[in-house]
Amino acid sequence: GQQVMQIPQYQHVQEGEDFTTYCNSSTTLSNIQWYKQRPGGHPVFLIQLVKSGEVKKQKRLTFQFGEAKKNSSLHITATQTTDVGTYFCAGYGYSNYQLIWGAGTKLIIKP
Amino acid sequence: DAGVTQSPTHLIKTRGQQVTLRCSPKSGHDTVSWYQQALGQGPQFIFQYYEEEERQRGNFPDRFSGHQFPNYSSELNVNALLLGDSALYLCASSLEGTVGKGANVLTFGAGSRLTVL
Chain A
1 GQQVMQIPQY QHVQEGEDFT TYCNSSTTLS NIQWYKQRPG GHPVFLIQLV KSGEVKKQKR
61 LTFQFGEAKK NSSLHITATQ TTDVGTYFCA GYGYSNYQLI WGAGTKLIIK P
Chain B
1 DAGVTQSPTH LIKTRGQQVT LRCSPKSGHD TVSWYQQALG QGPQFIFQYY EEEERQRGNF
61 PDRFSGHQFP NYSSELNVNA LLLGDSALYL CASSLEGTVG KGANVLTFGA GSRLTVL
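Heads up: the sequence lines are chains A and B, in that order. At position 63 of the first sequence the residue is numbered 63 (our numbering), and the sequence of numbers has no breaks. At position 75 of the second sequence the residue is numbered 75 (our numbering), and the sequence of numbers has no breaks.
Honestly, the hints are just simulated from the structure, not real lab data. Glycine is no exception: its CB is placed at the ideal position from the N, C-alpha and C atoms.
Using 30 Å as the maximum straight-line C-alpha spacing, the simulated DSBU-like pairs for lysine-lysine come out as follows:
1) Lys59/A / Lys106/A
2) Lys51/A / Lys70/A
3) Lys26/B / Lys59/A
4) Lys36/A / Lys26/B
5) Lys70/A / Lys106/A
6) Lys59/A / Lys70/A
7) Lys26/B / Lys57/A
8) Lys59/A / Lys36/A
9) Lys59/A / Lys110/A
10) Lys26/B / Lys106/A
11) Lys57/A / Lys110/A
12) Lys26/B / Lys51/A
13) Lys56/A / Lys26/B
14) Lys13/B / Lys26/B
15) Lys70/A / Lys36/A
What the simulated footprint calls covered on chain A by chain B, stretch by stretch (three residues with Cβ under 8 Å from a Cβ of chain B suffice, anywhere in the stretch; the number is not a length):
16) 44-54
17) 101-109
Given these sequences and hints, build the entire structure.
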């Protein structure tokens with residue numbers, strides 16, 4: 001079945017360093033969404049990418065959707081303590097209504 | 001504008017019992033999806049309801065069942081509880097429609113944390 005692989009599982013950074021998480025789908029996606037889950041919280045929608053090669057920015061966050069619509073990335077510039085949490089990608093295929101989730105990347109700020 | 005509300009927030013059951021979790025979707029949303037999230041894991045899709053029908057189902061046994069009411073609210077029922085059913089159960093609502101126009105974006109509730117002893 002359709003799978004979305006997300007790496008890395010964890011990333012430890014010093015505050016002010018950059019953070020990147022990558023998602024790769026086994027099949028072409030109609031669109032991909034990104035969610036953030038703070039510790040003890042629930043996933044919160046960040047952004048949706050629909051077009052091949054699309055790049056969107058939200059302040060220090062940059063989201064990319066690959067040309068083949070099978071991969072995506074989230075890059076955070078100059079991380080802050082407020083960025084702590086787990087970032088999930090989730091994609092829709094073309095043949096069903098199920099959002100396929102990556103396993104998430106946990107951003108940890110080193111003390 | 002009320003978001004997604006779930007009840008109860010926490011509950012404790014024993015093996016073999018049955019549980020019902022409830023969800024009221026965000027105002028204007030017509031689709032409800034249920035997820036199971038074990039500690040430290042990503043959300044696992046249980047099923048989705050649209051127009052009071054189960055439209056899509058994940059890899060969960062028949063012990064997991066649900067319902068959607070005419071007002072779009074939903075229930076998740078789990079029978080014959082197992083220890084492994086202990087998890088955070090998340091309800092997410094969305095609006096059915098054209099991708100890229102705000103549709104099919106999930107709004108999650110705070111979840112119901114189920115502990116099975």
